[in-house]
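Number of protein chains: 2
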Amino acid sequence: MKVIIVGGVAGGASCAARLRRLDENCEILMVERGPYVSYANCGLPYYVGGSIEKESDLLVATEATFREQFAIDCRTRCEVVGISSDEKTVDLKNHVTGEVTTEHYDKLVLSPGAAPIRPPLPGIDLPGIFSVRTVPDARHISEWLERGTTAPAGMDKYTGYQTVTKPQRAVIVGGGFIGVEMAENLVHRGLEVTLIERGSHVMPPLDPEMAKLVNGYMTRHGVRLELGDGVAEFKQAANGALEVVTGSGESHMADIVILAIGVRPETALAEMAGVEIGERRGFRVDEQMQTSNPDIYAVGDAVEVKDFITGEWTLVALAGPANRQGRIAADVIAGRDSRYRGTQGTSICQIFEAAIAQTGVSEKTLSRLGETDFEKIYLYPNSHAGYYPGAKMLAIKVLFRKSDGRLLGAQVLGEDGVAKRIDSFAMAIQMGCTIYDLEESELCYAPPFGSAKDPVNFAGFVVADILCDDMPITHWPDVGAGFLLDVRNPPELEVESVSGALNIPLPELRDRLDELPRDKEILVFCRSGQRAYYATRILNQKGFKARDVAGGMLSRSHTVSS
Amino acid sequence: MKVIIVGGVAGGASCAARLRRLDENCEILMVERGPYVSYANCGLPYYVGGSIEKESDLLVATEATFREQFAIDCRTRCEVVGISSDEKTVDLKNHVTGEVTTEHYDKLVLSPGAAPIRPPLPGIDLPGIFSVRTVPDARHISEWLERGTTAPAGMDKYTGYQTVTKPQRAVIVGGGFIGVEMAENLVHRGLEVTLIERGSHVMPPLDPEMAKLVNGYMTRHGVRLELGDGVAEFKQAANGALEVVTGSGESHMADIVILAIGVRPETALAEMAGVEIGERRGFRVDEQMQTSNPDIYAVGDAVEVKDFITGEWTLVALAGPANRQGRIAADVIAGRDSRYRGTQGTSICQIFEAAIAQTGVSEKTLSRLGETDFEKIYLYPNSHAGYYPGAKMLAIKVLFRKSDGRLLGAQVLGEDGVAKRIDSFAMAIQMGCTIYDLEESELCYAPPFGSAKDPVNFAGFVVADILCDDMPITHWPDVGAGFLLDVRNPPELEVESVSGALNIPLPELRDRLDELPRDKEILVFCRSGQRAYYATRILNQKGFKARDVAGGMLSRSHTVSS
Chain A
50 MKVIIVGGVA GGASCAARLR RLDENCEILM VERGPYVSYA NCGLPYYVGG
100 SIEKESDLLV ATEATFREQF AIDCRTRCEV VGISSDEKTV DLKNHVTGEV
150 TTEHYDKLVL SPGAAPIRPP LPGIDLPGIF SVRTVPDARH ISEWLERGTT
200 APAGMDKYTG YQTVTKPQRA VIVGGGFIGV EMAENLVHRG LEVTLIERGS
250 HVMPPLDPEM AKLVNGYMTR HGVRLELGDG VAEFKQAANG ALEVVTGSGE
300 SHMADIVILA IGVRPETALA EMAGVEIGER RGFRVDEQMQ TSNPDIYAVG
350 DAVEVKDFIT GEWTLVALAG PANRQGRIAA DVIAGRDSRY RGTQGTSICQ
400 IFEAAIAQTG VSEKTLSRLG ETDFEKIYLY PNSHAGYYPG AKMLAIKVLF
450 RKSDGRLLGA QVLGEDGVAK RIDSFAMAIQ MGCTIYDLEE SELCYAPPFG
500 SAKDPVNFAG FVVADILCDD MPITHWPDVG AGFLLDVRNP PELEVESVSG
550 ALNIPLPELR DRLDELPRDK EILVFCRSGQ RAYYATRILN QKGFKARDVA
600 GGMLSRSHTV SS
Chain B
50 MKVIIVGGVA GGASCAARLR RLDENCEILM VERGPYVSYA NCGLPYYVGG
100 SIEKESDLLV ATEATFREQF AIDCRTRCEV VGISSDEKTV DLKNHVTGEV
150 TTEHYDKLVL SPGAAPIRPP LPGIDLPGIF SVRTVPDARH ISEWLERGTT
200 APAGMDKYTG YQTVTKPQRA VIVGGGFIGV EMAENLVHRG LEVTLIERGS
250 HVMPPLDPEM AKLVNGYMTR HGVRLELGDG VAEFKQAANG ALEVVTGSGE
300 SHMADIVILA IGVRPETALA EMAGVEIGER RGFRVDEQMQ TSNPDIYAVG
350 DAVEVKDFIT GEWTLVALAG PANRQGRIAA DVIAGRDSRY RGTQGTSICQ
400 IFEAAIAQTG VSEKTLSRLG ETDFEKIYLY PNSHAGYYPG AKMLAIKVLF
450 RKSDGRLLGA QVLGEDGVAK RIDSFAMAIQ MGCTIYDLEE SELCYAPPFG
500 SAKDPVNFAG FVVADILCDD MPITHWPDVG AGFLLDVRNP PELEVESVSG
550 ALNIPLPELR DRLDELPRDK EILVFCRSGQ RAYYATRILN QKGFKARDVA
600 GGMLSRSHTV SS
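Just so you know, the protein sequences line up as chains A and B, in that order.
Take 50 as the starting number for the first sequence in my numbering and just add one per residue.
Take 50 as the starting number for the second sequence in my numbering and just add one per residue.
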């Protein structure tokens, strides 16, 4: 059997190595268009930023690794220029020699990845505008950042314009993972960074109110955020700088522009092979990663996957799923019954000293689908025991199904312990946990690492209280002209207060019930929601109609649109 | 309804607060023998060590909190001196006034905790010998450490002996959580620390070969470990120092001794109340935390719990379970159907720059139960992507059932990302995951936080390979006189090699098969087990009988007893 694998990075490389382990005798040819196989795509921003020092650190495995350890015929700078699925052949162009050869396959695995979107804007091809996809991309960005001088100099070899200073101003177009990571890394390199995002918030997979919390970390580190505005045009100014003109007519001067608008599945190979493309414009595959042609498999960022929660076809460009899909394709080719379970979208992104992570479905997605059988909570627990130094506040949003308590999604932001919590939630979602399972989870605790009641347990407690109607809740955007009761202590109100809210500190509540209306709903809040919960319990047992405003004052500033 | 809760720390305090939230009208009396309620027991070693600076930081909630926020009659320095379960009364002694009063209850919740074991050794009551259970204990240790002078001085007010220097030498008796945490914290305070542990290793819940990895962290920081030796006697030397004489006849001089031999359920209340004590000498309760008397509940370190994996009755002194049990007792008293699912023993302990954590069952326990339907693996992955700075090697042991792949337990040690991995394993065990579920887990990945194939996934991959017989394994203690094949590269052998092993580097293996025997089993190893796995796959497909030595060279030094 001869298997040809097209694309030698995450999905393709995983498939090749796995297949060799399963079948020592099959012939494996892995071709990669670029100069490197198995490189650390996700490390590119950190290489630009300097925390990964050597380009060679990005190379997880080399052609030699594949040849020597796996007896795989591995060819770089080799591109598929034709596929005949009838003949079961591919035409391969060697970009070094220019030669085109034809190779037969029994099984073909396509792992072409997804390409950065480059909209056909005026000036998009000007020098100094970069995408971040490959090792050479990162190298070119680094070279560009190192060019120029700090004193007046001659003609720049790239632009033909006078260079005066080293690049100092960066404009990043797009606020997804790559855009946010590049912003951080360019700040680390000392650049002034402006990030332009067409949507209303950075990190589009997040819900807007959680993404809003990211803004603070960006702006505190000097990143200028231009949200709700897109690029209309790139121009070259007389001094060789780039001028980025936005849809709103703003103009931003830049010495370098990073395009991070998103990626789009590379489907040229699908067209060549005549295999089905799905509605989201990715390869359509079954749960065994098989395309519409039973001898052709596709894996990685180029394929559509089923959303683990909603069952929708979706595009998710993540390294973990790509690697698993590569393994599964290899398993199936080797005659094993492996199946892909769908993608949860578990992801994490460093934002300076913080991290933002998510897993499962967002409220945005549920709303888009017209789903109403869900509710959300916000909580702001410490990352570990508050009495041990270094505890940081986490901001957590949890989405769950009202009818049965099933956990649907979680978003976590903070400066400590984020990855730990999102992984617990991710594992819980994978196993179909309900919120009642989270109440009972036994997670690790010692003062430096957690709390006796972990934030994940707390999420369970809070939701269980809602589901059994111990704690009816509402949210700030829905408060309207309701009767607001603030149960914080007076010194807390001096920091920030809500106009029109009645203040009765929790310890006084039982004695001051006669100040409260019995004919209307009382919307109770405190700092984070805990004392408001206690107050809600008291009031509802005393015959009032009370609701807890989820997340208290801590959720107010980011859930109410300003 | 009147509920009396005895014990105001983790289990009792959780029960009291929860019960008030569920029932605004019941009368709740919470009594605590000591001076504080709801204090951070687990923080005591860090208060002694100075990383928690103020004693008040240890007080999570005070009597006032319970009175004001929860309308709970909360009394400290108040001890139960009698229980009449027929009359449904308790006799309470106020330790300030000496007065004894009798209070009626409808429901009684006992949360007395567990007391440090103080064996009746000669000299155990000498001044300078401390346990670490309460805030006053920690305060007394701190005071003792601060006494003395750095210059010659007069008579010591405690011992009556001449004091010459501040305490400099500590002996810790017992190598469990408290002993190990105290060792770290006393080193932080500048003491020379000797830790004496009667068992063959520190951290008794761990398996010995994993505990062995802890030793390095202790000794590198100057802790002298005396394993396999117990204390026979404490003596006071002429200069006021303590002499700790061990069973083997060794003598260790100390200026302070910490007893951390373990804890024992406080069952005096069980005897007073006439409720059942189990075979492990803890309160016997059902899954609703009810004792043999339906009006009496017991929670926390004093109760026996069902081991989540083995179903055995066991004693586990952990804060998380105590808190959950308190909630459950409150729920049940308030008429709700909550049930305790058993204890997994999820725990974590900081050891200087590292952490050791575990969840589920240990191999020790499985062996003690005569269980044979299990296997183990060792893996040594990076805590996050190796190409991003700061990645640290984790040492992971995973136990699983051979017949169905169910995850039974995990132990993780390392300097980064330990809590994250143990919590993923803990959640997986809670949900009855198999190893095949771990293969498919979608955990968070970005270079600073993880890897595209997380260590948890890797555990799944490796075990799945074992279970489907792709990779037969063996362990170092079982290799005996087997034929050993080392597939590392020659420079690696210069660092450390195994005598008698044949070296064929993996890349040369396919060409040198004729050097290998076809008539006996070939036991293959490399550094961590990955290349050995590749080699095992090649060999077994080529008609040899090969096994992978689990964990490679990295597992050798700690799994083979020296």
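Watch out, some of these pointers could steer you wrong.
Treat identical chains as interchangeable: a pair holds within one or across any two.
Stated by the list, open to error - Result set (SDA-like, lysine to any residue): computed pairs, CA atoms no more than 20 Å apart in a straight line:
| hint | residue 1 | residue 2 |
| --- | --- | --- |
| 1 | K103 | D453 |
| 2 | K591 | A120 |
| 3 | K451 | D527 |
| 4 | K441 | D465 |
| 5 | K215 | D486 |
Don't read these hints as lab results, they were simulated from the structure.
Hints, verified against the model:
Proximity of K103 to D453 under the C-alpha cut-off of 20 Å is found in neither arrangement, the shortest distances being 51 Å within a copy and 45 Å between copies. Only between protomers do K591 and A120 lie at most 20 Å apart by alpha-carbon distance; the minimum there is 14 Å, versus 76 Å within a single protomer. Only within a single protomer do K451 and D527 lie at most 20 Å apart by alpha-carbon distance; the minimum there is 18 Å, versus 53 Å between protomers. In this homomeric assembly, K441 and D465 come within 20 Å of each other (Cα to Cα) both inside a single copy, at 6 Å, and across copies, at 17 Å.
Taking the shortest Cα distances, K215 and D486 never come within 20 Å of each other, neither inside one copy (56 Å) nor across copies (51 Å).
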